[in-house]
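Asker: First to last, the sequence lines map onto chains A and B. Take the first sequence: its position 9, counted from the start at 1, is 9 in the working numbering, and no numbers get skipped. Take the second sequence: its position 18, counted from the start at 1, is 18 in the working numbering, and no numbers get skipped.
It is possible that some hints are incorrect.
Quick list of the computed label-pair ranges, beta carbon to beta carbon [said to hold, decoys possible]:
(1) S276/A to L206/B: 49 to 59 Å
(2) R117/B to R244/A: 29 to 39 Å
(3) L206/B to L170/A: 48 to 58 Å
So the derived list for chain A, only partly shown, Cβ under 7 Å to chain B, looks like this [said to hold, decoys possible]:
(4) V52
(5) G55
(6) L58
(7) D64
(8) M122
(9) V146
(10) A153
(11) A173
(12) F232
(13) V236
(14) G288
(15) A298
Going by beta-carbon spacing under 10 Å, a handful of chain B positions derived as facing chain A [stated by the list, open to error]:
(16) G56
(17) A130
(18) L201
(19) A268
The hints are simulated quantities; they were obtained by calculation from the structure and are not laboratory data. All C-beta atoms in this analysis are idealised placements derived from N, C-alpha and C, irrespective of residue type, glycine included.
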Amino acid sequence: MGRGVPVGKKHGIRRAAAAVPGARRVSARPRRARFVRRQRLFGYGLVIPATVVLGAVLGAPTVDAFILSLTNSSLIGTGSRFVGPDNFTALLTSGEFWSITKTTVIWTAANTGAQLLVGTGMALLLKSSSRVDKVLRSIALLPWAVPSIVAAAVWRFMYDPASGVIDHLLLSAHLIHQPVVWLGEISTALPAVILESVWKGSPLVMIIVLAGLQTIPPEIEEAAIIDGAGGFQRLVRIKLPLIRTTLALATILTVAYTVNNFNAIWLMTQGGPLQSTQILFTWGYQIGFQQFNLGQAAAISVVLFGALMIIAVVYFLTLERKGRES
Amino acid sequence: MAGISAGTSVLARRPRRRQRAGRRASRYAARQALRLLVIVFTAGPFVWILLASLEGPQAIFRSRIGLSGMSLANYRGAFTAIDVSRYLLNTAIVSVGSALIAVGLGVLAGYGLARFRIIGDRWLLLAIVATQLFPGLLLTIPLYLILRDFGLIDSLLGLILVYTVFSLPFAVWMMRNYFRSIPGELTDAGLVDGCSLLGVLWRVILPISVPAIIACSAFCLVLAWDDFLYASTFLISNSHYTVSVGLYSLMSQYGTNWGVLLAGTVLATLPVIAAFMAVQGRLTNLLSGGMKG
Numbered sequence: 001m002g003r004g005v006p007v008g009k010k011h012g013i014r015r016a017a018a019a020v021p022g023a024r025r026v027s028a029r030p031r032r033a034r035f036v037r038r039q040r041l042f043g044y045g046l047v048i049p050a051t052v053v054l055g056a057v058l059g060a061p062t063v064d065a066f067i068l069s070l071t072n073s074s075l076i077g078t079g080s081r082f083v084g085p086d087n088f089t090a091l092l093t094s095g096e097f098w099s100i101t102k103t104t105v106i107w108t109a110a111n112t113g114a115q116l117l118v119g120t121g122m123a124l125l126l127k128s129s130s131r132v133d134k135v136l137r138s139i140a141l142l143p144w145a146v147p148s149i150v151a152a153a154v155w156r157f158m159y160d161p162a163s164g165v166i167d168h169l170l171l172s173a174h175l176i177h178q179p180v181v182w183l184g185e186i187s188t189a190l191p192a193v194i195l196e197s198v199w200k201g202s203p204l205v206m207i208i209v210l211a212g213l214q215t216i217p218p219e220i221e222e223a224a225i226i227d228g229a230g231g232f233q234r235l236v237r238i239k240l241p242l243i244r245t246t247l248a249l250a251t252i253l254t255v256a257y258t259v260n261n262f263n264a265i266w267l268m269t270q271g272g273p274l275q276s277t278q279i280l281f282t283w284g285y286q287i288g289f290q291q292f293n294l295g296q297a298a299a300i301s302v303v304l305f306g307a308l309m310i311i312a313v314v315y316f317l318t319l320e321r322k323g324r325e326s
Numbered sequence: 001m002a003g004i005s006a007g008t009s010v011l012a013r014r015p016r017r018r019q020r021a022g023r024r025a026s027r028y029a030a031r032q033a034l035r036l037l038v039i040v041f042t043a044g045p046f047v048w049i050l051l052a053s054l055e056g057p058q059a060i061f062r063s064r065i066g067l068s069g070m071s072l073a074n075y076r077g078a079f080t081a082i083d084v085s086r087y088l089l090n091t092a093i094v095s096v097g098s099a100l101i102a103v104g105l106g107v108l109a110g111y112g113l114a115r116f117r118i119i120g121d122r123w124l125l126l127a128i129v130a131t132q133l134f135p136g137l138l139l140t141i142p143l144y145l146i147l148r149d150f151g152l153i154d155s156l157l158g159l160i161l162v163y164t165v166f167s168l169p170f171a172v173w174m175m176r177n178y179f180r181s182i183p184g185e186l187t188d189a190g191l192v193d194g195c196s197l198l199g200v201l202w203r204v205i206l207p208i209s210v211p212a213i214i215a216c217s218a219f220c221l222v223l224a225w226d227d228f229l230y231a232s233t234f235l236i237s238n239s240h241y242t243v244s245v246g247l248y249s250l251m252s253q254y255g256t257n258w259g260v261l262l263a264g265t266v267l268a269t270l271p272v273i274a275a276f277m278a279v280q281g282r283l284t285n286l287l288s289g290g291m292k293g
């Protein structure tokens, strides 16, 4: 709550209803009741369209996915039969599921760690309100703003063994003797895709951290300087602890975005080579839309949903706590 | 930083001053070097593909990219070999269409949530926050089936609907936070002056909210412009492709034609940069406002 308005305490019209007609309380009571009722209806009228759209196109599919996960539906053909938890037992007993879950965890942890580090670093380096820093911040935000296809094309071009600048530079520096197929080898593909998504994701962390840094009153830093705290001490002992809720939010958001980052992997490697960059999302997509096994794919998505909803609850609780703190 | 350090030196004891000045200078240099590194890391790849897109195929292949043989041949190829203008038009249709609907509904709902007592509004907000973390896979499969039932597969209209739903939660959240920052007295004044409830929104609130609405629209535009997953799943015919799917079809072929692909990439980036310029600093503020809740 940047402005210190506590959650759930509203002002504005509700207060107007109390204040304005209240000035003529004795004579205007029936009119006031009518006004309040009309106002309440008006409020619902404003909110209902969005709620209906969200419910119809977001709520219904969610329910649908849960039902699908209990059937053997196929994308082709019509026969769909209720199979109970079969899809889930098949999933949990397959070695492939666990190895892909492992890749998903590595992918998420590496991305989150690196993006937080790089994003926070960027925020600290470009945080001043000078005109130069404003321009630099806009430039630094570009990777986040461009479409995923652009990011993928840029990096695939740079990773390309024949035309790519990375192999070219390493070859001319004699660090390697023949071009490395970065996205085609099991050992390098995952780190290469992680680098791309760190490049694309860090600017968002930068924005969030910058917003957090802005909330630190300058007096605190001045006091620390007078007390003789050095730059590093001020960072570790004062700034980072003060924005820890912001950092927690950034972490949770990054985790969710990374688990959901289908585009980065699909556009770079489609999960290959030999599943080395396969995450649950891309795997489920392949099972659903390339092997047409919708029931199994829905089961994978329900498992992902469970994991992400746990994160969502943590996220909301953090927001709440932050609201209370300020 | 420099100003702060100058303040420190006044407090410092004299003999140590020179030593400190030296350390400060090297720290300053390190900081500037890191700033340069950040810019090279984030913007360098863009400069690189811009230069490469202006080169002939031979130079691209040998990674000899400079300012020598500039030509627009690749861009000509992007408009002739693939129909990049059609892709861009389709993308513009779906992103503008979905942004208009999402911002329209988002303004109404955001205003309602910010100013009126709604039973269950906290649950609605929780749901809205939760949608930010929804697994896309969970929705892709049922959405495909729903769109198929309504005959909206391979249709731009279906895609508009899908994008609206994905940007709507953010639009509601963003506009609600913005409306809460407008003093309530403004609404009261409008009511006293005889505006209807809708009149207050239309005549008092909306005119002063234009910058926020523009920023919110820009965000919705970028969201739709970014998508690849839904467009590639729900579109079938080449003439309906958005720019993401169109460019991807170039990539997946064996032996990528880098020249045309890079030219198309640059063309797909330009509208985003334009939208970005339009909102500049404001986007940062609104986004952080959105995050701050």
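Asker: Hint by hint, note whether the structure agrees.
Answerer: Quick rundown of the hints versus the structure:
no.	hint	verdict
1	S276/A to L206/B: 49 to 59 Å	holds (52 Å)
2	R117/B to R244/A: 29 to 39 Å	holds (34 Å)
3	L206/B to L170/A: 48 to 58 Å	holds (56 Å)
4	V52	violated (9 Å)
5	G55	violated (9 Å)
6	L58	holds (5 Å)
7	D64	holds (4 Å)
8	M122	holds (5 Å)
9	V146	holds (5 Å)
10	A153	holds (4 Å)
11	A173	violated (13 Å)
12	F232	violated (10 Å)
13	V236	violated (16 Å)
14	G288	holds (5 Å)
15	A298	holds (6 Å)
16	G56	violated (12 Å)
17	A130	holds (4 Å)
18	L201	holds (8 Å)
19	A268	holds (6 Å)
Comparing the model with each earlier hint shows violations of hints 4, 5, 11, 12, 13 and 16; every other hint is respected.
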